[in-house]
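Protein chains: 2
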Amino acid sequence: MAVYTKVSASEISEFMAGYDEGEIVSFKGIAEGVENSNYILQTNRASYILTLYEKRVNPDDLPFFLGLMDHLVHKGTNCAEPIRDRQGTILKTLCDRPAALISFLPGLSVNRPGPDHCYQLGQEMARMHRAASDFKISRKNALSVDGWQSLVSQCECRADEVEAGLKDLLHDEMAYLKANWPAGLPEGIIHADLFPDNVFFMGGELSGLIDYYFACNDILAYDVAICINAWCFEKDGSFNITKASRLLRGYVGERAMTGDEMNAMSVLCRGAAFRFLLSRLYDWLNQVEGALVQVKDPAEYINKLKFHRAVKKPSEYGLDI
Amino acid sequence: MAVYTKVSASEISEFMAGYDEGEIVSFKGIAEGVENSNYILQTNRASYILTLYEKRVNPDDLPFFLGLMDHLVHKGTNCAEPIRDRQGTILKTLCDRPAALISFLPGLSVNRPGPDHCYQLGQEMARMHRAASDFKISRKNALSVDGWQSLVSQCECRADEVEAGLKDLLHDEMAYLKANWPAGLPEGIIHADLFPDNVFFMGGELSGLIDYYFACNDILAYDVAICINAWCFEKDGSFNITKASRLLRGYVGERAMTGDEMNAMSVLCRGAAFRFLLSRLYDWLNQVEGALVQVKDPAEYINKLKFHRAVKKPSEYGLDI
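For the protein sequence lines, the chains are A and B, in the order given. Residue 1 is where the first sequence starts when you use the numbering used here, and the numbers rise one by one after that. Residue 1 is where the second sequence starts when you use the numbering used here, and the numbers rise one by one after that.
Calculated from the structure, these hints are not laboratory results. The structure displayed is predicted, hence computed values, not measured ones. Don't take every hint at face value.
Claimed, not checked - With a Cα cut of at most 30 Å, we get these calculated DSSO-like pairs of lysine-lysine: (1) K92(B) to K28(A); (2) K28(A) to K75(B); (3) K92(A) to K235(B); (4) K140(A) to K296(A); (5) K140(B) to K167(B).
Stated by the list, open to error - Some but not every residue of chain B turned toward chain A, in silico, with C-beta under 10 Å: (6) S10; (7) K28; (8) E32; (9) Q42; (10) F201.
By construction, the Cβ of each residue, glycine as well, lies at the ideal position given by its N, Cα and C atoms.
Turn these sequences into a full structure, and let the hints steer you where they fit.
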């Protein structure tokens, strides 16, 4: 959590002169976003988030991310809206970085989601999948099977520093996923990072999904599998089938799942757990001294992966719907 | 810049239930305040800053700081207002830390103040000095002559690592200030940290002073001297007499200065430069690996101190008023 690029009062004033969004009332860096610099900006008209894209975001992907958000807003989804300047431009430059002004989405992320939060998340995710179905740009998921293989190669020799036997687990799982990753399931645009941090609620109602900077084209049900991992385990590591069942029920109420999708849920959940295990392991093994970002413990996802490896049938996720 | 204590959605909801300030709409950690954790909180009624006081603030000082802000608001000063809960309490506890909800003061701090900003600062500082004159609590300035001596003792043996000859300069200056620090000048409550970061402007008009967490009782003109150091030097180190003259003119328009105060301006400026030189030197020599706070270069204040040492008469500050 950090602001990597400091934008001065004169720089933001000059930048905002290009927009028709009112007079600046306040401007403060916010301690959110592990990859970009974010500011909350208030004018006499509304609140906004100003994002400066730092080096971990590929500038070539920004038309996809911002275009997707714009598309979703115009389809009526609860998504923050990229604001156009007087020339109609969304993607701008500020302090030598790509930058965009985004509407402020109200709401708070929940730290301990309950079954009803999961239900609403399922609903909203399915609506988003439907709304994105006619978006014209596509983006490959760099963190799918091929990307996992590359992370395994970079981490394997030091994996056992984190937990004895982890190197073998990585190899086994990689081989299994390569051989069994499902083909032919419905694909489309997925959020790919719908952790509780990225879902806002207000007064108990879901108010929106944020942070589309991992969005990509992939198996739609893989997005559901990521959420089962991120929302349906308790802090003590135990799986909460009630939450998973509610999440799935919310999802299928808005977008029917095929039998193949349901039958693939275990392998998709293994893949999702593996993906976050690998990225956390990589960050863990490559910690930068004095970095501003707090590294997350990969052990949480080792345990989740082991849970999914033991799953025998979809009903163990509450998939009796 | 950092949020040291992470407050969850349920913790802030429970906390805000004690206030009559509306429903929470958003809550985000802000990357400001080197000593405390700060959040911007919006309700359906207004915006606020929530501050959790971290270990560098002495909890015994909080009734002074918050009481002073409350006093200044009720005297009509442009100051953020500490908000009372339903029981009338300002100083509360959140996540095991002292905490206070403060009204949101609009405005932006200027990175390159001009002469008119300096004039308005002088005016507002003098009004604040007047408004605080009947505040009942007092607080000793821990960073006055005695405090400087202690910092000199802690830094002297390594001072020459920063600049050759700095150790001798510290000794000379400490001896001079001890012998010449003025007595009998008008005293009262000073802000003691009125750097451009802590002064907000909106549409060219000063909208308020923030961050009273160094406020204390001391010589009033010493606050002016701190501002001359903080506002009237250019980035290249040169002194801008126009800005100083405007700052002083703004000040004396609201609170007349005695001849003794004017004659003491050089020694007060030396003291102010020495105080910030010492605290920056201390932080520089005691950098914590991986700390979230960026340490400021003490060299800037070595140069400012040298400038003031060469000043022969008040008119060199534009004090021909």
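Hints, verified against the model:
1. K92(B) to K28(A): OK: K92(B) and K28(A) at ~24 Å, within 30 Å.
2. K28(A) to K75(B): holds, 27 Å
3. K92(A) to K235(B): Holds, because 29 Å separates the two Cα atoms, which is no more than 30 Å.
4. K140(A) to K296(A): The given pair, whose Cα atoms are some 25 Å apart, holds under the 30 Å limit.
5. K140(B) to K167(B): holds, 27 Å
6. S10: Since chain A brings a Cβ to about 6 Å from S10(B), closer than 10 Å, the hint holds.
7. K28: holds, 5 Å
8. E32: Hint holds; E32(B) Cβ to chain A Cβ min 6 Å, cut 10 Å.
9. Q42: holds, 7 Å
10. F201: With a minimum Cβ separation of about 8 Å from chain A (threshold 10 Å), the hint on F201(B) holds.
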